[in-house]
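Visitor: Listed below are the residues making up each chain.
Number of protein chains: 2
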Amino acid sequence: MDVGGVMGTIVKNVSIVTGQEEAPFIRHGYFKFADGVIVSVAEGTPSPEEIDRVEVIDGKGKWVMPGMINTHGHLGMSLLRGHSDDLPLQSWLSEKMWPFEGKMDREAVHHARQLAMAEMIKSGTTTFLEMYHLYMDDLAEAVVEQGPRAVLMRSMIGLCSESEQREKLKEAVTFATTWNGDGNGRITTMMAPHAPYTCPPSFIEMIVDEADRIDLPLHTHMAETQREVEEHRKTYGVHPLVHFEQLGFLKDRHWLLAHCVHLGEEELDILEQHPCVHVSHNPMSNLKLGSGIANVQSMLERGINICLGTDSVASNNHLDLVEEMRIAALLQKGAVLDPTAVPAETAIAMATKNGAKALRLPQVGTIEAGKRADFIMIDPQCLHLQPHEHVMSHLVYALKGSDVQDVFVEGAPLMLNKELKTFDEEKLQFEANAHYQRICEKLK
Amino acid sequence: MDVGGVMGTIVKNVSIVTGQEEAPFIRHGYFKFADGVIVSVAEGTPSPEEIDRVEVIDGKGKWVMPGMINTHGHLGMSLLRGHSDDLPLQSWLSEKMWPFEGKMDREAVHHARQLAMAEMIKSGTTTFLEMYHLYMDDLAEAVVEQGPRAVLMRSMIGLCSESEQREKLKEAVTFATTWNGDGNGRITTMMAPHAPYTCPPSFIEMIVDEADRIDLPLHTHMAETQREVEEHRKTYGVHPLVHFEQLGFLKDRHWLLAHCVHLGEEELDILEQHPCVHVSHNPMSNLKLGSGIANVQSMLERGINICLGTDSVASNNHLDLVEEMRIAALLQKGAVLDPTAVPAETAIAMATKNGAKALRLPQVGTIEAGKRADFIMIDPQCLHLQPHEHVMSHLVYALKGSDVQDVFVEGAPLMLNKELKTFDEEKLQFEANAHYQRICEKLK
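Protein chains in written order, with our numbering: chain A, 1 to 444; chain B, 1 to 444.
Be aware that one or more of the hints could be misleading.
[Claimed, not checked] Here are the computed distance ranges between Cβ atoms for each label pair:
1) B:184 to A:412: 52 to 58 angstroms
2) A:159 to B:50: 54 to 60 angstroms
3) A:24 to B:98: 27 to 33 angstroms
4) A:102 to B:437: 56 to 62 angstroms
[As the list claims (entries may be wrong)] Sample of chain B residues with no beta-carbon within 12 angstroms of chain A, all distances over it, derived:
5) 86
6) 111
7) 116
8) 162
9) 166
10) 273
11) 320
12) 326
13) 361
14) 426
Keep in mind the hints are simulated off the structure, nothing from the lab. Nothing here was measured: the structure is a model prediction, and the numbers come from that model. No residue lacks a Cβ here, since even glycine has one placed at the ideal position from N, Cα and C.
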């Protein structure tokens with residue numbers, strides 16, 4: 001950030017969770033960024049020469065970590081928070097989710113996403129993924145204007161005629177090629193067949209071919225529930241992931257697979273053999289929908305890259321990656337009866353640099369010279385973070401999303417002292433309720 | 001609360017999660033309390049006559065629920081937050097926990113507990129249980145002075161000579177009889193053999209006899225880890241709970257058993273047959289230590305009373321019952337692959353009225369005429385609670401502990417607008433760090 005003759009910004013007096021291999025944590029240090037890029041990260045205090053003609057932010061003991069990366073979501077559904085819980089999956093979908101979504105219009109989707117983006121920034125997420133089928137251009141415009149980093153894709157369900165499939169695919173390609181790299185590179189795009197159970201293999205093949213042609217990574221839902229795996233086996237004789245491999249969809253292609261709850265040894269082997277395939281673990285959504293507990297420990301042992309996602313508020317019911325990070329660590333320890341499973345450092349990596357890798361965003365995920373300045377600051381002056389000695393532990397096991405105080409993307413402040421800079425929080429609340437009530441009226 | 005000539009207090013313009021069977025939720029209502037007791041709860045707005053000569057608190061749309069009840073903890077260990085994580089249980093205990101505890105002195109334990117009590121009030125807990133062996137009188141004095149409701153007990157480990165056992169028992173009885181009912185009834189006491197694996201049957205029998213004599217309920221750890229159950233079987237041939245039953249410890253006695261992670265059908269049958277035996281479920285601590293996932297769904301189906309506990313910050317690492325309530329609900333759905341397991345209402349009951357029953361505190365746990373005025377108020381004006389229609393759902397699936405704004409115990413405010421009234425937050429933070437560093441120095 002250049003402010004009137006100043007060349008860049010130094011943040012001093014902070015503890016830094018860098019995410020770097022060599023020096024993952026600096027207890028007392030500072031870092032400099034200019035034009036949206038981190039220039040240097042160091043221990044100690046900057047010299048008088050270093051702070052000459054530079055904007056200086058005194059962190060006063062705050063903790064800095066890379067902005068978190070939410071690798072699976074459907075922001076357009078955010079008015080559905082609490083609309084329905086505690087129901088069997090099929091009734092939940094067919095009686096509650098789909099009827100509401102069927103009544104949603106452009107305005108409702110817009111305000112749902114405004115709420116979601118703001119909620120994510122508030123709890124320290126700087127990059128999010130949106131996989132949805134409605135009004136994607138509106139979202140891309142909002143991202144350009146309001147400052148977060150986003151990976152966007154027009155999700156495609158193929159349970160329709162081939163001409164309709166082609167229409168959707170054309171829309172997805174147009175969206176992806178139009179917006180990729182926009183917002184000074186803050187927007188990137190992917191291609192997204194919705195899921196193996198909603199897209200016949202012929203349609204996925206068309207999508208994969210287009211992704212190759214325009215050189216984009218792919219995202220899909222994979223093995224979220226036992227039932228979808230069983231039905232795939234009934235129809236095709238194999239697990240959907242095995243099917244993907246047999247059909248040649250995985251080879252040398254960058255895939256991000258959301259959920260991966262129900263994988264056996266054969267499927268884990270496939271992931272291990274395909275380092276271009278990444279997993280978005282969504283522990284709280286998987287629990288809430290009764291889908292199950294993904295075998296994260298086995299994936300880690302095989303060197304599979306795992307990152308974190310919230311899924312939508314309809315099945316979570318929040319977009320707070322701090323909790324997702326905590327539950328990813330706790331849940332695995334309890335599931336495999338091993339307190340050493342998913343240690344704090346691993347959980348932090350899953351919420352940051354693993355996500356960057358999974359979204360093909362080498363420019364973010366760590367606090368490191370040359371990376372874009374996407375970072376968050378946490379004020380440890382609260383009771384539940386005392387004694388405040390153990391920063392890495394507290395970030396995973398004790399932090400609340402509400403402890404995040406400042407959020408920067410490309411060096412630009414999106415939140416300072418818990419106040420959003422590019423969203424009007426009061427208006428967001430009003431609009432979310434107004435549009436939720438309006439759609440509920442339409443349902444009557 | 002009587003304020004200069006006024007007769008009681010009315011809280012109006014609030015949504016009320018009453019916890020009552022008949023009317024569990026009032027969307028827009030008010031309630032009155034006087035002399036620490038709830039006088040009336042009603043829908044709508046109070047009439048001019050009702051608010052005459054009464055202090056009126058305008059809730060302005062806040063949500064009211066019964067104060068939460070933390071039914072298992074060791075506040076004295078609160079300086080140990082983040083001191084050690086991600087280690088095998090035995091190294092964690094013998095290399096990290098016990099050496100630190102061995103160096104703790106009266107001052108350190110006092111400040112640990114001050115931190116813990118304040119942290120619990122901040123996140124909406126009005127009643128806590130303390131099971132610990134050090135400086136219990138100090139804690140009782142602090143509770144009398146600083147206002148929360150507490151169930152206190154001098155925990156006893158019996159791996160020592162019989163004369164030492166008798167000494168501990170005498171101390172526990174003296175503490176329990178001295179303080180029971182103090183603080184205008186805010187303090188009650190229990191008798192607490194630490195665990196079947198640390199107390200030989202002969203010692204537990206002595207404790208049980210004393211509990212009968214002074215008419216107090218009992219608390220112990222039960223079947224927290226697979227290993228302790230296996231070792232009990234090796235020594236005594238049976239599961240520790242079966243052993244308790246065979247020895248006649250359970251019959252017609254009020255027990256609260258912490259954890260109960262490793263129970264089979266036989267042990268669940270025993271719980272079902274003993275309605276005086278209650279279970280304190282500590283999901284996050286059980287996950288973090290790699291102990292496992294308690295079979296809560298089976299317990300609920302059998303009508304066993306289950307409440308919630310955090311355990312200590314050494315194994316959690318926070319004292320926030322909001323998260324415990326959420327994880328209790330989510331974890332069970334995921335563990336039994338059923339999204340209908342532990343619905344929101346059940347999770348709220350576990351955090352409130354089930355806890356009251358388990359601690360033999362019929363005077364709290366619901367917002368209801370005749371109960372003590374222990375309640376909390378939540379401001380829904382935050383992004384992660386929008387749309388704000390679905391109050392019960394949001395309390396379990398979206399709330400953060402930091403959303404709690406006001407906390408009352410016996411009608412006295414312990415927190416107003418997020419500001420603690422009987423603790424100095426800045427001093428607590430300073431002391432916690434100073435004493436943590438001091439004990440660490442002693443360890444060197």
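Visitor: Look at each hint and say if it fits the structure.
Guide: Status of each hint after checking the structure:
Checked against the hint of 52 to 58 angstroms, the pair residue 184 of chain B and residue 412 of chain A passes, with Cβ atoms roughly 55 angstroms apart. The supplied range of 54 to 60 angstroms is met by residue 159 of chain A and residue 50 of chain B, whose beta-carbon atoms lie about 59 angstroms from each other. For residue 24 of chain A paired with residue 98 of chain B, a C-beta distance near 29 angstroms keeps the hint of 27 to 33 angstroms intact. A beta carbon spacing of about 60 angstroms between residue 102 of chain A and residue 437 of chain B agrees with the range 56 to 62 angstroms that was offered as a hint.
With a minimum CB-CB distance of about 4 angstroms to chain A, residue 86 of chain B fails to clear the 12 angstroms threshold, and the non-interface call is violated. Its closest Cβ contact with chain A, about 10 angstroms, brings residue 111 of chain B to no more than 12 angstroms, contrary to its assignment away from the interface. A beta-carbon of chain A comes within 12 angstroms of the beta-carbon of residue 116 of chain B; the shortest separation is about 9 angstroms. Consistency note on residue 162 of chain B: stated as away from chain A, and its beta-carbon is indeed over 12 angstroms from all of that chain's, at 35 angstroms minimum.
At roughly 36 angstroms, the least C-beta separation between residue 166 of chain B and chain A is larger than 12 angstroms, which holds for a residue marked as non-interface. Every CB of chain A lies more than 12 angstroms from the CB of residue 273 of chain B, the least distance being 28 angstroms, so the non-interface label holds. A Cβ of chain A approaches the Cβ of residue 320 of chain B within 12 angstroms, the least distance being about 7 angstroms, so the stated non-interface status is violated. Not every C-beta of chain A lies more than 12 angstroms from that of residue 326 of chain B, the closest at about 8 angstroms, which undercuts listing it as non-interface.
Every C-beta of chain A lies more than 12 angstroms from that of residue 361 of chain B, the closest at about 25 angstroms, which supports listing it as non-interface. Annotated as non-interface, residue 426 of chain B brings its C-beta within 12 angstroms of a C-beta of chain A; the closest such distance is 8 angstroms.
This entry does not satisfy hints 5, 6, 7, 11, 12 and 14, going by the numbered hints stated previously.
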